[in-house]
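S.K.: Turn these sequences into a full structure, and let the hints guide you.
Going down the list, the protein sequences come from chains A and B. Counting from 1, one number per residue, gives the positions in the first sequence under the working numbering. Counting from 1001, one number per residue, gives the positions in the second sequence under the working numbering.
To be clear, the hints were calculated from the coordinates, so they are not data collected in a lab. Some hints here could point you the wrong way.
[What the hints assert, rightly or not] Rough simulated footprint, nothing fancy, chain A against chain B, three-plus residues with beta-carbon under 8 Å:
#1 1045 to 1052
#2 1092 to 1100
#3 1163 to 1172
Every residue, glycine too, gets a C-beta built ideally from N, C-alpha and C.
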Amino acid sequence: MAKTILAVDDSGSLRQMVVFSLRAAGYQVTEAVDGQDGLDKAKTQVFDLVLTDQNMPRMDGFSLIRALRGLSTYQKTPILVLTTESSDEMKAKGRAAGANGWLVKPFDPQRLTEVVKKVIG
Amino acid sequence: MTIKNSLALEIKKLLTGLSEHGSQHLSEIETDLVQTNILLSEAIEKLSASFMAIHAAVSAQQQMVDAMLMQVPAAAVGELRTKAAQIDQHVNAAVTGLQFQDMTNQLIGRAMQRLIGVRDVLEVLGAHSTAMPGDADQNQLQALLEQANASLKMQSAKLENELWKAVRQTHMESGDVELF
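M.R.: Here you go:
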């Protein structure tokens, strides 16, 4: 059974590229348009991996991560941040919020797939 | 009209002019930025649609080629596999490049926020100019200008706090990956 990924980003074009790359690698990908949408979807289905942007309206990535870590079903779920941010300060904040990895945009599809494979198989 | 009165009038004219002309130019810039954003969004939609269509067609073609490869000499098979690998590389490069709109959208959004903030600053200047009587004496002038300076400082600081720069990329090479 294919592993499931929740891809959260307020940019439609970015989500399209994430979905394209990961579906080509055999993963089932569900999209969310911002942190709140991501949280709502995460509560209705348990995903194997969450891939989230940071700067989003309604609920940003760090807030989403903290909310997910507060759910019993997402205590151990790998959560990766995919963002334009590259500062050590933001990475530290992401890590403190509960993220397991940091990918700086733009992503290379092959590298993204390799990282996801490394994390969830 | 005394020299002091004409000074007050000139300062009033300057602040009003700065506010009005500045706001007008900023509104034009805002219009251009909105239009740029719309065009970029449309361009990425069309580019992405074309890319997906090309990829689907190439994938379908590849399936046909794979089926035909059973009857083809090994050398030709190797060459075809190399071409397929090259196509994959170009696809990856295209996917990386097509992410430009996310970053440019953020930069344009930030520019618009700053623009709106500067327009707010000019409106504050305009408001202080309106409040300034044309025959203000030196003390009144000084007090008004001090108020205007204080408002400007506050607006400026507020703007700086709200404008965190999230996009530092200056080229479209793929970014770093780090697992904690």
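S.K.: For each hint, tell me whether it holds in the structure or not.
M.R.: Quick rundown of the hints versus the structure:
no. : hint         : verdict
1   : 1045 to 1052 : holds (count 3)
2   : 1092 to 1100 : holds (count 7)
3   : 1163 to 1172 : holds (count 5)
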